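Colleague: Chain P is already provided as a structure; the job is to place chain L on it using the hints.
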Amino acid sequence: MTTTLVPGAVTGVVDADGTPISFEDSRDPGDGRTPIVLVHGTGGSPATHFGYIYPLLATRGRVIAITLADPVGRGAHDLQISDFVDQVAGVMTHALNGERAALVGYSLGAVVTAVVAAKHPDLIHSLTLVCGWAQTDTQQVLRNEVWRGLRVSGADLIKEFSVYSAFGGPFLAARTRDEIQPVIDGVVITPFTDAQMELNRRIDIRDELSRIHAPTVIVGCTYDQMVPVRHQKYLFGAIDNARYTEISSGHAVVFERPAELLRVIEQFTTAPGRYPAGAVIPELKP
Amino acid sequence: MTKATTTPEKTRTLIIGTGFAGLGLSTRMKRGGDNDFLLIDRADDVGGTWRDNTYPGVACDVPSHLYSFSFRLKPNWSRVFAPGGEIWGYLQETARDEGLLPHIRFGAALTSAAWDDASQAWHITTTKGDFICNVLVTAMGHLADAKYPDIPGLTDFSGQLMHSAEWNHDVDFSGKRVAVIGSGASAIQITPGVAETASELVVLQRSAPYVIPRPDRAYTDAEQRAFERSPELMEELRADLFWGMEYNYAQRRAIPSAIAQAYALANGHRTSQVADPVLNAKLTPDYEIGCKRILISNAYYPSLQKENVTLEAAGLERVEGNLVVSTAGNSFEVDVIICATGFEAVEPPFAPLITARGRSLAEHWSDGMMAFSSVTLAGFPNLFIMNGPNTGLGHNSVIFVVESQVEFIIQVLAYMRTQDISVVETRRDAEESYVARVRHRSQGTVWLAGGCTNWYVDPRTNQLTVTWPDYAYAFRESNGTFDVAAFEVA
Chain P
1 MTTTLVPGAV TGVVDADGTP ISFEDSRDPG DGRTPIVLVH GTGGSPATHF
51 GYIYPLLATR GRVIAITLAD PVGRGAHDLQ ISDFVDQVAG VMTHALNGER
101 AALVGYSLGA VVTAVVAAKH PDLIHSLTLV CGWAQTDTQQ VLRNEVWRGL
151 RVSGADLIKE FSVYSAFGGP FLAARTRDEI QPVIDGVVIT PFTDAQMELN
201 RRIDIRDELS RIHAPTVIVG CTYDQMVPVR HQKYLFGAID NARYTEISSG
251 HAVVFERPAE LLRVIEQFTT APGRYPAGAV IPELKP
Chain L
1001 MTKATTTPEK TRTLIIGTGF AGLGLSTRMK RGGDNDFLLI DRADDVGGTW
1051 RDNTYPGVAC DVPSHLYSFS FRLKPNWSRV FAPGGEIWGY LQETARDEGL
1101 LPHIRFGAAL TSAAWDDASQ AWHITTTKGD FICNVLVTAM GHLADAKYPD
1151 IPGLTDFSGQ LMHSAEWNHD VDFSGKRVAV IGSGASAIQI TPGVAETASE
1201 LVVLQRSAPY VIPRPDRAYT DAEQRAFERS PELMEELRAD LFWGMEYNYA
1251 QRRAIPSAIA QAYALANGHR TSQVADPVLN AKLTPDYEIG CKRILISNAY
1301 YPSLQKENVT LEAAGLERVE GNLVVSTAGN SFEVDVIICA TGFEAVEPPF
1351 APLITARGRS LAEHWSDGMM AFSSVTLAGF PNLFIMNGPN TGLGHNSVIF
1401 VVESQVEFII QVLAYMRTQD ISVVETRRDA EESYVARVRH RSQGTVWLAG
1451 GCTNWYVDPR TNQLTVTWPD YAYAFRESNG TFDVAAFEVA
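These protein sequences, in sequence, are chains P and L. Heads up, the first sequence is in our numbering, so the first residue is 1 and it goes up one at a time. Heads up, the second sequence is in our numbering, so the first residue is 1001 and it goes up one at a time.
So here's chain P without its partners, still in its complex pose (with noise of 0.2 Å):
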């Protein structure tokens, strides 16, 4: 039997061309809330990239996790963000029964859910992108190149590098190098994890992003280097209604800042319309 990582809430499977989706729905309907659907990005899953924002979003209201799967039967340069676009509406068609949802999408997956909004708009009431980026720089395929070199040399390394990648500067430098180390150990890369690095050097998405007409918020880290922030500022202005604001985080905002991140998912899926097209939302001071 699986864990939840809500009490209560199930488990589903549904077919994308072959492949089996699986996601967990929280199901309480609480106060009546537009649901929310979860799409974690490169390497991730609903346990580690939402292990702290999704239960506390179902405290609220509905939440659906999605877990991304490598296609059945293909190798990993054929990857297409089309494939993982097509797992997300279907397991939205199949689990929403044509309720809109608040699409809510991670690092890779916010290149996700930001071409599902432009193919799907009928699934989706509002859009989070947090940490996305609409096409693949150079400073992004010489950090994959570098990953792919230690991950070919099978150098232990590559979790360090990760890390170094992954978390913020002030981030790291508040804690000490033991602090550390069980993110380092904790760093888990499967062959899958290797085709969405394959697939992060093609992303070009420009040509959909006009075709995203919901209520958007572009979500970017101060201190990301992975997709730093002139990638969501791109995204802002691709993109008709958005509105933008920034955490002070690096890429690794799951980890980093979960609570403001839970704050800015929270405040915009429970009004979209609060802040007009084109705003932008200022961090909280506290």
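Check each hint, because a few of them may be wrong.
What the hints assert, rightly or not - Under the rule of at most 30 Å between Cα atoms (straight-line distance), these lysine-lysine pairs were calculated in the DSS-like manner:
| no. | chain 1 | residue 1 | chain 2 | residue 2 |
| --- | --- | --- | --- | --- |
| 1 | P | K285 | L | K1030 |
| 2 | L | K1074 | P | K285 |
| 3 | L | K1147 | L | K1128 |
| 4 | P | K285 | P | K233 |
| 5 | L | K1282 | L | K1147 |
| 6 | L | K1030 | L | K1074 |
Don't read these hints as lab results, they were simulated from the structure. Note that the coordinates shown come from a computational prediction; the quantities given were computed from them, not determined experimentally.
Modeller: Below, chain L without anything else, positioned relative to chain P:
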């Protein structure tokens, strides 16, 4: 004390209390050009709980760069967790620098406050003169009135009796036999110091607390000057501290993974500091972590293992002469009893003193404290309660709540001034629906479901009335902005 016979002093806004809440509100008012206010305080200095709590070792459990006003950042905090005296000094400095002292009437303890519809004013009597004001703000804290346990024989104790919040600095503990009653936040700060000097010390622990490490250290001169020269560093640190503490709300919400993390931290700390399995067992709490306040100390467990210290894992049953008798039947002969037994939080002592239309606040709250937006009440016009119902935080800095309430009240006062309004009164339905929302949100929190007795829950109704059952940011979201729709105005 003789009551002043002069005519009442008139002011637009009267604020009771000069702790963080009263000074924070009046600072914002004065900076905004509103000088028509007075503050009263029963003591002879500002500082609230930081003036009253002067026991050796007193400190705050929230880092000082967060436990301070966002609009008065202080670069030279000496430590991550500054000593209580330094926090008191910060408040004294605030009152002086912000020009508040001329507005303060010291030695004026509230004896009554009554709303008069005809004159649209609050009539206030105190131990030092009377006041008439249009708007009344109570800015007393949760931790203002010392609570002694109701124990047979305690008041007849033949030795020296004191409360942690009413410390007698004349008492020298050397060579004395001392009993500390309680094992909460004050007790664990008091115990290590007393253990150093007392000949014998017994700590009576009714219910063991969870204790986690205290990541304290001094700030270097270089760091303090960096804060001074680059003030944005203080804002960044403050935000880091705030979100780091917000993270822990997940524990209070009883999220399994968060609870597991909290247990690992607390149990690991206890195990690393307490080798003796018998003592360890006595120090192991019997309720869900977070149900009572989680305490932070590196010194408490070691102090309990000193030769001259005894942990009695039982409450105080009675006092006979100089004998302290525990509920387990053990007696200890002592010279000094220190009651570290907390404060009156669930039923604020000022509630019976405040009346409007023949009804006191205590009567309004006979089923527990409640208020719209945790700050105003139907039937009590122009009254604002700071640190009132559902304003405490179990996981973050209460100064953030205080500043949210300050902002709310500042907006009300500005609205009244610009719209020429003299009375604002909360609509009953607004109060009821707010209270229902808070009650609903409280369900499933560890304070209600954690299997302990705590001071956040009203024993009359088993409702969570002291603590805010959500993130701190959600408090500001819900209660930091005035919306006239919830009020009747005239």
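Colleague: Starting from the hint list further up, note which numbers the structure goes against and sort them upward.
Modeller: Checked against the structure, no hint fails, so every one of them is satisfied.
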